[in-house]
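There are 2 protein chains.
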Amino acid sequence: MINRADLLSAHQIIKGLIHNTPVLTAASINAILEMDLYFKCENLQKVGAFKIRGATHAVFTLSQTEMKFGVATHSSGNHAAALALAARWKKIPAEVVMPISSPRVKVEAVRGYGANITFCEPNQEARESTLNKILEKTGATFIHPYNNEKIIAGQSTAALEMLEKIPNLEYLITPVGGGGLLSGTLLACQYFYPHVRVIGAEPQGADDAFRSLQQNRIIPSISPKTIADGLLTSLGSLTFPIIQQYVDKIITVKETSIIQAMRMVWERMKIIIEPSSAVPMAAVLENRDFFQGKRIGIILSGGNVDLGKLPFNSGD
Amino acid sequence: MINRADLLSAHQIIKGLIHNTPVLTAASINAILEMDLYFKCENLQKVGAFKIRGATHAVFTLSQTEMKFGVATHSSGNHAAALALAARWKKIPAEVVMPISSPRVKVEAVRGYGANITFCEPNQEARESTLNKILEKTGATFIHPYNNEKIIAGQSTAALEMLEKIPNLEYLITPVGGGGLLSGTLLACQYFYPHVRVIGAEPQGADDAFRSLQQNRIIPSISPKTIADGLLTSLGSLTFPIIQQYVDKIITVKETSIIQAMRMVWERMKIIIEPSSAVPMAAVLENRDFFQGKRIGIILSGGNVDLGKLPFNSGD
Chain A
2 MINRADLLSA HQIIKGLIHN TPVLTAASIN AILEMDLYFK CENLQKVGAF KIRGATHAVF
62 TLSQTEMKFG VATHSSGNHA AALALAARWK KIPAEVVMPI SSPRVKVEAV RGYGANITFC
122 EPNQEAREST LNKILEKTGA TFIHPYNNEK IIAGQSTAAL EMLEKIPNLE YLITPVGGGG
182 LLSGTLLACQ YFYPHVRVIG AEPQGADDAF RSLQQNRIIP SISPKTIADG LLTSLGSLTF
242 PIIQQYVDKI ITVKETSIIQ AMRMVWERMK IIIEPSSAVP MAAVLENRDF FQGKRIGIIL
302 SGGNVDLGKL PFNSGD
Chain B
2 MINRADLLSA HQIIKGLIHN TPVLTAASIN AILEMDLYFK CENLQKVGAF KIRGATHAVF
62 TLSQTEMKFG VATHSSGNHA AALALAARWK KIPAEVVMPI SSPRVKVEAV RGYGANITFC
122 EPNQEAREST LNKILEKTGA TFIHPYNNEK IIAGQSTAAL EMLEKIPNLE YLITPVGGGG
182 LLSGTLLACQ YFYPHVRVIG AEPQGADDAF RSLQQNRIIP SISPKTIADG LLTSLGSLTF
242 PIIQQYVDKI ITVKETSIIQ AMRMVWERMK IIIEPSSAVP MAAVLENRDF FQGKRIGIIL
302 SGGNVDLGKL PFNSGD
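In order, the protein sequence lines correspond to chains A and B.
Mapped onto the working numbering, the consecutive letters of the first sequence carry residue numbers 2 to 317.
Mapped onto the working numbering, the consecutive letters of the second sequence carry residue numbers 2 to 317.
Just so you know, the hints here were simulated from the structure itself, not pulled from any lab data.
Please note that a few of the clues may not be correct.
Which copy is meant is left open, so a pair is good if it fits within one copy or across any two.
Once the Cα atoms are required to be at most 25 Å apart in a straight line, the calculated SDA-like pairs of lysine to any residue come out as [as the list claims (entries may be wrong)]:
#1 134 to 119
#2 92 to 68
#3 226 to 169
#4 166 to 27
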């Protein structure tokens, strides 16, 4: 059970290491949509994503004994880079299992932070068996990307920082993949800003959170298909109950809305967000009538995209 | 003659209308280049460029009579959008002459702010003759994009804000096109932060400022060729003497360096800058030995790019 003190302690531990990222507004977007939007820019965070919050919290709360043996995880993306950097800050070893299909830029980022990489076949079974061998061999502590209380408490700090600056939000929307950011945000609001209604936004092509809530049990994400490559994972045993208890609702969005939202933020705010980050904005675009006249916070979760493979066509 | 009080007055007049944009740093870029870089993010400014500073100052200091007849300008880009928005704030008409070759995103911005657009052939003569006809017909006041004291004083405020936050810079680098931003920055430093050495950065393919300083007279920019579409213009009779008197030096850069610098800022800082904005960073990349160990400010002048026409190749 993660309590109020856990969230405050997480922020104390990590705040000197991470950026208190800016909250930006865009007058032109507000004028077009007739609402007040506030964007917490975790794309401008270290490693380009909120993931450094949870990873730093998890690494910096290890026992002295655990530290000796280092940390390990499997991830094709931002959590791997975040764990690698947090481990480097603490000068402890980091082992990362990455699918051989991982983008070269992400592999290079993880390697650049000094982690030891082991490649595996691109499926869940291979990830887990490869990781298990490493855990046996090294004695490292497995830091799950989201199903971990330290990670959830760490991710809650983005909402804490945002609401300290803009306390009177009516809604706060985050993307939902494994649910680490959403469950952390839910706890932050529940404990400190209970007037804020928290919404999870999810691609239609990876709507396991939406279906899990409908059926009151974790529905795994089977062959998800979406451009939002950070949202392919399924909810976990720790994140699902928090979401189930506190979330206002889950909104699912179309792929075309994600690209439209991403382009709108790039063009009008001049900041780079990855497709997963655009999913809450897509939810707003698909539900303009509902959100009109409201004060809405959005957590822009990350900005790691391959600039050579953008979904914007010439002449659009 | 623009004096200290003019700069302070400009800031007083515009500061409630514009953003005091953030100054960002990038740990990974500093680590790679072994220097301390500070980026004043005018790409996050209203209209996506510093130009709103000068335009707002010019519009808000018009006489009541001048206001009646509105304002006019010729510009391929950001100044046009800025003047259009400032005029809309004051509820006065704005006429803009734009070359038919202007980037789509910039034309749409100008139109969105409610200015009346007249297109012309993409050369200086056509710009001026088209504008003159409009001035005769409307009686509007011509607000030159840079050769105007109100504009120069307005552009100085980006450096004033930046140095208020980070006073101990050793160098401050701006791009140079017509010289409005550079001359304003030079005056800001000369009057308030004389220890800061100000450098202008310019594409080799549009090196009229470099040649003008060498030959002690304004050398017009003839058929400039560069991806930095905001830097095609020649120095003016007001900007050249300021630059001549106070600038530390002009550094010219290759096109490949501009694209490399632009990509580095996009990838590592997750912010969108237009090619003209990348020219100071390109100057740093081409002169790493010179800048190593120094504290360097860079004014990122704008972020208006066509997302459908980016200079990044797949697989780079």
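Hints, verified against the model:
1. Taking identical chains as interchangeable, the C-alpha atoms of residue 134 and residue 119 lie at most 25 Å apart only when both belong to the same chain, with a minimum of 11 Å there against 69 Å between chains.
2. For a Cα distance limit of 25 Å, the shortest separation of residue 92 from residue 68 inside one copy, 9 Å, qualifies, whereas the shortest one across copies, 64 Å, does not.
3. In this assembly of identical chains, the alpha carbons of residue 226 and residue 169 never lie at most 25 Å apart, being 36 Å within a copy and 50 Å across copies at closest.
4. Within a single copy, residue 166 and residue 27 get their C-alpha atoms as close as 16 Å, and across copies as close as 23 Å, so both meet the 25 Å cut-off.
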